[in-house]
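**Q** One letter stands for each residue in the lines below.
2 protein chains.
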Amino acid sequence: MAGPSFQALPGFRDFTPRECAIRNYLFETWRSVARRCGYVEYESPILEDTSLYLKKSGGELSAQLFRFEDQGGRDVTLRPEVTASLARLVAEHQRHFPKPLKWFEIGQCFRYEKPQKGRGREFHQFNVDILGEGGPSADAELISLAIESMLAFGFVEGDFVVRVSDRQAWIDFATEHGVSEDDIPDFLNIVDKIEREKPEVLEKRLGAYQLTADQIRAFIAEPSNASAAYDAIQADLSARGLGGFVELDLSIVRGLAYYTGVVFEVFDAKKSMRAVAGGGRYDTLVATISDGSVDLPATGFAMGDYVIRNLIEETPHANMQMEVWLQRNAANCDVFLVVADESKRPEALKLLTNLRRGGISADLPLNPVKVAKQFQSAERSGARFALVIGSEFPDLKLKVLSSRTEESLQADDAVEWLSDRLLQPDGPLLA
Amino acid sequence: MAGPSFQALPGFRDFTPRECAIRNYLFETWRSVARRCGYVEYESPILEDTSLYLKKSGGELSAQLFRFEDQGGRDVTLRPEVTASLARLVAEHQRHFPKPLKWFEIGQCFRYEKPQKGRGREFHQFNVDILGEGGPSADAELISLAIESMLAFGFVEGDFVVRVSDRQAWIDFATEHGVSEDDIPDFLNIVDKIEREKPEVLEKRLGAYQLTADQIRAFIAEPSNASAAYDAIQADLSARGLGGFVELDLSIVRGLAYYTGVVFEVFDAKKSMRAVAGGGRYDTLVATISDGSVDLPATGFAMGDYVIRNLIEETPHANMQMEVWLQRNAANCDVFLVVADESKRPEALKLLTNLRRGGISADLPLNPVKVAKQFQSAERSGARFALVIGSEFPDLKLKVLSSRTEESLQADDAVEWLSDRLLQPDGPLLA
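Protein sequences appear in the order of chains A and B.
First residue of the first sequence: 0, per numbering that gives the first Met the number 0; consecutive thereafter.
First residue of the second sequence: 0, per numbering that gives the first Met the number 0; consecutive thereafter.
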C-alpha cells in the first residue's frame, strides 16, 4: 500500500490555484480567439473504442495508448488526440449544420510517453477544424487562426513562424521516382525523420527506393517545388496582412498517417522548442471513419498547453501580459468584510449575501478573531476593499487596502456603491 | 472490427455545439458563483493511483471503477470522484495557503454504472470544499454556496430544498444502542437505505443490532434529535436570509464512507429526481490520505451536470434563463462579411482581420458565391450585421439583419463603428 503519502502519477499534473489560473488563461485566450474568428465549440468523449484510433491515427500513437478493457469487456482507450473522435462525431451530425463547419474543442489528451520538459502523459489541446471545404482558402482561414492565437498571447512578428508544407508535393515526388502507393507512408516517414535519423540508417532506408538523402534535401531546398495550394495560401494570408508569419518548409510532413495535403507547424523563431502547434489537411478521414457514408474534406490544427506555456514564460512581453492577467485573477475576493463587533455578525452575513447576489466577489472570516487579524486576512485575500461592520451599523467604514484611505457608507447603499467603485480604475480584481 | 460507423461508448456523451453550449452555461454559472463567494479554482488529475480510492471513498464506488493497469504496470483508475484527490493535493500543498482553504473544481468523473436518465458513465461535477475550519460556520458558508448556485440558475424559493442531517447524531444513536464501532459503517448503510430496502431485509439487518425500523423512523421523525451543529447552521443561514431553503432530514446519511459529521443533499421540491447536489463533513480524510502528516477538518459538496440540467429543463423560469443565454451564444459570429465584388476579396480579408483583431466576432464566405447566397449564409450564421464589400470599396454597406435596414460606412471606421454598435441594445451575440 501507499508510502507516507499519495502522489500524482508520473506525467500527470496537480493544478493548484496558480497552475489552474495559468491553465484558465490559456483556455480563455483560445476560446476568445476562436469565437472572434467564427468557430463554435464542441467536445468529444475522453474515452473511446480503441478501434477508432488503431490505423486511423497510425504511427507512433498506437504504441503510446492508455488502453484497457472496461468492466463490460470493451477494448477502450483514453483519447491520444481528438481528430478521430471529431471525424466520428461529424459523420454522425454534419447534416444538421451548414457547411463549412468551423468547430473547436479545448480538451485533455493522454499518451504514454517518457515525461520530460514540454511533454507529459496528459496535456490539454486546443483543436480547431474546418470541414466541408477542400480549397486552400480553408487552409488559409485555419492558419490565420493559428497566427491570431499567437498574437492574442502577446507574441509579435519575429517571435514565431508558421512553416507550411504540402504532403501532395512529396506524394508527387515519390510517384515520379517510382515509389509504389503502398510504400508512400514509409517514404513520408523517412522524410519526416530526415534531420533526426542517423545518416547510415537514412541512406539505407532511402536506398530501398533508389533515392539518396541529397535528392531529398535538394527537393526541400528548391522553393519552386511549392504546390499551387501553398501559393494560394500565401496570397490569401498576405491580403490579411499575415504573409510575414508564413514560410515554405517542405521538410515538414507531420507524424500522423491521416494527413493528405497541406500541413504546417508553428515554431518559435529560434526553433529552440518542439512545435507550438501543428496540423493540416485530412480529406479522407471522415470517409474512412464513416465507412464511406459521409465524405467531407477537412483541415485542422492542434496547439498543446505545454509548449505554448514554456514559450510564453520565455518571452518577456508575452509573459508580462500573462502575469497581468494572473494578477487580476489571483485575488480570493474583491471585498473582504471585517466584523469589528461580533454582535453584528448576523448583519454582516446578510450584507455578505447581498454583495455576492449583486455580483460582487466578497468574503468574511468564518469565526470571531481580532480586528487586526481580520485586516491581515483581508490583505492576504488580495481584496481591494475591507468593509468594516461595527457597533455603528448600518454606518460602515470602507478601507481601500492599496492606499489605506478610509471612507464612510451606509449598509443599504453598499452593493450599488461598491459595484460602482469596482467599475472605476483599476477595476474588479476578479473578472 | 467496427460496423458501418463508430459510435460513442455507452454512457459517454458527444457534446455537439448546442450540447457544448449547455455544458458551458453550467460551467460558467458554477465558476461565477464560486468566485463571487471567495473560492479559488484548482484541478486534480483525471487518472490516479487506484489505492487512493480503495477504502478511502468506500461503499459502492469500488465496484464501479474504470480501473486498469497502465503500460508501466501501475494499477490506475479514472477518478470516480474528486475528494480523495483533493485531500492528497491539499496534504501536499496546504502549507502555502492561509486557512481556511476555499477551493472549487469543475471536472469530469467516471463510474461504470448502468446508463439511465440522470446518470451516465461520465459526468461533470462542480466540487466545492472548505478545509481548515471545523465549526458549523464553515458548513453554513458551504451550504450558502449550494443555495446561491441554485438561485444563479434561476431557481426560486419553493423550487428546491436543502435537507441537512448529521452523521454524528446517528453515531451517537448507534453507540447508545450498543452498536460496536466496527459495525457503525454497516449501520449507517442500513439507515441510508431505510426507504429503499425491502422491509424483510431491513428488519433482518437491523435485528442483528437488536433494533427495528420503527426505532429508526421514530428517531428521524423527532426534530429535537437535530445536533447543535444543525441549529448553528440554521441560525447562520437564517441571518443570511437563506433559512427558508433548509430543513432537517435525519434520513440523509450519504453513501461515501469518509463522511464524519454534518451531511446534506439538495433536492427539487417535488423530490422527483435524484439529489441535485450532496456533501458534508469529512474531518479525517486528509489525515488518512496523508498518513497523519496533515490533519485538516473539511467540508465539501458536489453538484453533477446531469440532474441540474434535467431540473433546469423541467422548470420553466430556469429553462427560460438558460435559453436566453444559449440564444446569445448560438451565433457563429456577430458580423458576416458579404463579398459583393470578388476583385475586392483581398480588401475583405484585410477588413475581416481588422474586425477580429478589434475583438469583433466576424466571418466571411471562403469561396466566391452569389450575393444572395452569401446573405443566406449571413442569416444562418446568426449574425446581427451583414457588412457588404463591393466595387465602391472603401464605401461599405451595412445591413442590420433583424430589421433589414441599411446604413453606409467607411472601411477605416468599421472597427470602431461596429464595436460601438455592438455595445448598444441588444449587444453582441457572442459574450
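These aren't lab readings, by the way, just hints derived from the structure by calculation.
Don't take every hint at face value.
[Claimed, not checked] Which chain B residues face chain A? A few, computed with CB under 7 Å, are given here:
| id | residue |
| --- | --- |
| 1 | 11 |
| 2 | 16 |
| 3 | 36 |
| 4 | 39 |
| 5 | 67 |
| 6 | 111 |
| 7 | 113 |
| 8 | 132 |
| 9 | 183 |
| 10 | 352 |
| 11 | 355 |
| 12 | 362 |
[What the hints assert, rightly or not] Derived list of chain B stretches under chain A, where covered just means 3 residues or more per stretch with a C-beta under 8 Å from a C-beta of chain A:
| id | region |
| --- | --- |
| 13 | 19-31 |
| 14 | 40-47 |
| 15 | 68-78 |
| 16 | 81-92 |
| 17 | 140-153 |
| 18 | 189-201 |
| 19 | 369-380 |
Note that the structure is predicted; figures quoted are calculated from it, not measured.
A virtual CB, placed ideally from N, CA and C, is assigned to each residue, including glycine.
**Q** Look at each hint and say if it fits the structure.
**A** Results for each hint:
no.	hint	verdict
1	11	holds, 4 Å
2	16	holds, 4 Å
3	36	holds, 6 Å
4	39	holds, 4 Å
5	67	holds, 3 Å
6	111	holds, 5 Å
7	113	violated, 10 Å
8	132	holds, 5 Å
9	183	violated, 23 Å
10	352	holds, 4 Å
11	355	holds, 5 Å
12	362	holds, 3 Å
13	19-31	holds (count 4)
14	40-47	holds (count 8)
15	68-78	holds (count 7)
16	81-92	holds (count 5)
17	140-153	holds (count 4)
18	189-201	violated (count 0)
19	369-380	holds (count 3)
Violated hints for the displayed structure, listed by number in ascending order: 7, 9, 18.
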